[in-house]
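Visitor: Chain by chain, the residues:
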Amino acid sequence: MAILELLEVSKRFGRNRAVDGVSFSVEPGRIFGLLGPNGAGKTTTIRMITYILLPDSGRIMLMGRPVGPEQQQRIGYLPEERGLYRRMRVLEQLVYFGRLKGLSARQAQEAARRWLQRLQAMGWEEKRVEELSKGMQQKVQFIASVLHEPDLLILDEPYTGLDPLNTELLTQVILELKAQGKTILFSTHRMEQVEQLCDDIVLINRGQVVLAGSVREIKARYRKDTIRLEFSGPDGVLDRLPGVQVISRSRHAAELRMLDPALRPQDLLLRLASELEIQRFEILEPSLQQIFIETVSRQIEQGRGA
Amino acid sequence: MNWSKVCVILSREYTVRVRSRGFILSTLLGPVGLILIIALPVLVTLWTRDTSQRRLAVRDETGRIGAGLEARNPERYFVSTDPEAQLRARLLDGQLDGYLLIPADVLQAGRVQLYTRSGGGLALLEEVQRDVSELVRLERLREAGLDTALIARLQERVRLQTHRVTETGVERDRGAALAAVGYVLGFLIYMMMFIYGALVMRGVIEEKANRIIEVLASSARPFEIMMGKVLGIGLVGLTQILIWIVLGWGIVSGLAPLLLAFLPAESGQIAPAAAASTGWELPRIPGGLVLGFVGYFLSGYFLYATLFAAIGSAVDQESDAQQLQWPLTLPIILPMLLITNVMADPDGTLAVILSLVPFFAPILMVVRLAATSVPFWQVGLSALLILLTFLAGVWISARIYRIGILIYGKKPTFREILRWAREG
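Quick note, the sequences are listed as chains A and B, same order. Our numbering applies: residue -1 is where the first sequence begins, and numbers increase by one. Our numbering applies: residue 8 is where the second sequence begins, and numbers increase by one.
These are calculated hints, taken from the structure and not from any lab test. Small disclaimer: the values here were computed from a predicted structure and weren't measured. Each hint can be trusted.
With a straight-line cut-off of 35 Å between C-alpha atoms, the simulated DSBU-like cross-links for lysine-lysine are:
{"no.": "1", "chain 1": "A", "residue 1": "K176", "chain 2": "A", "residue 2": "K132"}
{"no.": "2", "chain 1": "B", "residue 1": "K417", "chain 2": "A", "residue 2": "K132"}
{"no.": "3", "chain 1": "A", "residue 1": "K132", "chain 2": "B", "residue 2": "K418"}
{"no.": "4", "chain 1": "A", "residue 1": "K176", "chain 2": "A", "residue 2": "K222"}
{"no.": "5", "chain 1": "A", "residue 1": "K125", "chain 2": "A", "residue 2": "K176"}
{"no.": "6", "chain 1": "A", "residue 1": "K217", "chain 2": "A", "residue 2": "K176"}
Label pairs and their in silico Cβ distance ranges:
{"no.": "7", "chain 1": "A", "residue 1": "T158", "chain 2": "B", "residue 2": "G295", "range": "52 to 62 Å"}
{"no.": "8", "chain 1": "B", "residue 1": "V259", "chain 2": "A", "residue 2": "Q115", "range": "48 to 58 Å"}
{"no.": "9", "chain 1": "A", "residue 1": "Q277", "chain 2": "B", "residue 2": "D323", "range": "55 to 65 Å"}
{"no.": "10", "chain 1": "A", "residue 1": "E25", "chain 2": "B", "residue 2": "I202", "range": "45 to 55 Å"}
{"no.": "11", "chain 1": "B", "residue 1": "S33", "chain 2": "A", "residue 2": "G27", "range": "50 to 60 Å"}
{"no.": "12", "chain 1": "B", "residue 1": "M8", "chain 2": "A", "residue 2": "P64", "range": "13 to 23 Å"}
Note that the Cβ used here is the ideal one computed from N, Cα and C, for glycine as well.
From just these sequences and the hints, can you work out the full model?
Guide: Written as structure tokens, this is what we have:
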């Protein structure tokens, strides 16, 4: 059974339909990517899931029950923009947020210390937030969202401000949470993170779902038509390939797209091998980035046509 | 409404603020400032009296007034028979502060001459004028043939003593002193409503500007967040006032006897028994007035605080709030301008009506409570009216707040804010 389910959810602000009949469901224990260009309606959707905003129509179910004050307790939310009291001390602040989620002061304090340790942030307890760097604040904010062991964790651009080491650390923590059976709703513009982490995605644009499914299935849906090539020798042959588009090329490498569906990769390889010394010939999966751009721009064109 | 969440929010608001340097400083320095404001005029008069401790030589050509002046205030006047040229030389040498020439025809012409180097100052001139006038009048009456006993009777002043009749009997009225107390209390409530209202507003803006509100709103309902903040900060105000009351009570009950014991000894002439019946008696503030003060502070605070929260929620930064604040600051300032009218006739129709207006009541009712005996039904009616207004205010504010906290960017106009309240 889905842990989170949106059914025909709509929200408008004045004349603007921010979210327009969105439906999707999130399976427990998976990392779910909520994707879309700026202004697509992601934040509004998240705010409705977290019961900050109420939908005009449609239903949002969390663990089989409509979202409300009680369901809010089961959600952890890391908003895109950091929200901490600048003059408060780290531990005090974490305890406050934990208590707001229904923990006792003592539980909150224990959990906060445990998490500070896990995120290699021991010794920050008595620091004021304004003394911390952006990345450090980001860790504190992350702890605030997981302190009460939520069943659903919503992370909106969680890697902002983190250096590569801390990015790696956070990825580990997210995967640990997943291994513990927590469900994670992940919203970001960074497609390589989506490829790395997400099991399922939904892509929304202009308030509507335009693409949904598991990452593997979506990628399979798109044809494998891109080839990465490394070679040496004179590359004149690249200009004389019928049914093939050269996406990019440099002195010893190129990316090709096979436009003719009848053309098989092995035929292409034979043709190339006859004229070039091939060092690498790789059939690429389409990247989510490409799929994202393609889907969204196709929509824009359709929008123009209509 | 989930009270446990409200309590968590409330206790953060309270502890963070009560621990803050601002609170400790204002709690300690507030009374000092207030005392300074009240004591300044007194200090200034004391000061001028001190500097005018100047001696004047009196050259009296009639021989009938100088002695009277010296008898009246020997620290000010002394009779001298030196010729004027010599007096002038001594004045220029600095041996004299001034000299007074009383010509022989003073009873007819009514003119005397005062010579000083600097002009003497208004207080001194008034004093000399009064003293000489009185003595000249006395001499004129004597010249007209009235005997001393009759003159003494004519000079006697009638004293007005005021009494206040209550159910428990007749007591001496200290209306004037209590009216002054009322003014101070009204002023205090005025200051507190402003300071604490602004504190609520700034708190809301801080949470919105730092995007904390997004985290809060994913944990509690906007109404709970707003009420937690308003209650928490109100409790801070109550704490401050209670500290002041305890401090004030301690100082008055601890220091007043000391003050009374020392003052007469210092001034020498006033007997201790007389001191109690003269102006030195500290006005005793009735317990009911203290209760009324605390009650009206709280009701005034709550009346305005949720509205301040609504204004704060509508803007992104403090400077934007300035233009939206006037509908709140106006009804706080207005009663301050009306205080004198209310004090002049605290039982009059105007005063009664003004003090029943919910937005004015916190200040004006306290002034009336101090100055007169306000009938119980008026206090009850004003409490009811304030409660109703408060509920309406909370209802409107909650609707504005709920929308305002999530909207960033352009500063809303009044019309838009009212639309939020309607549609909320």
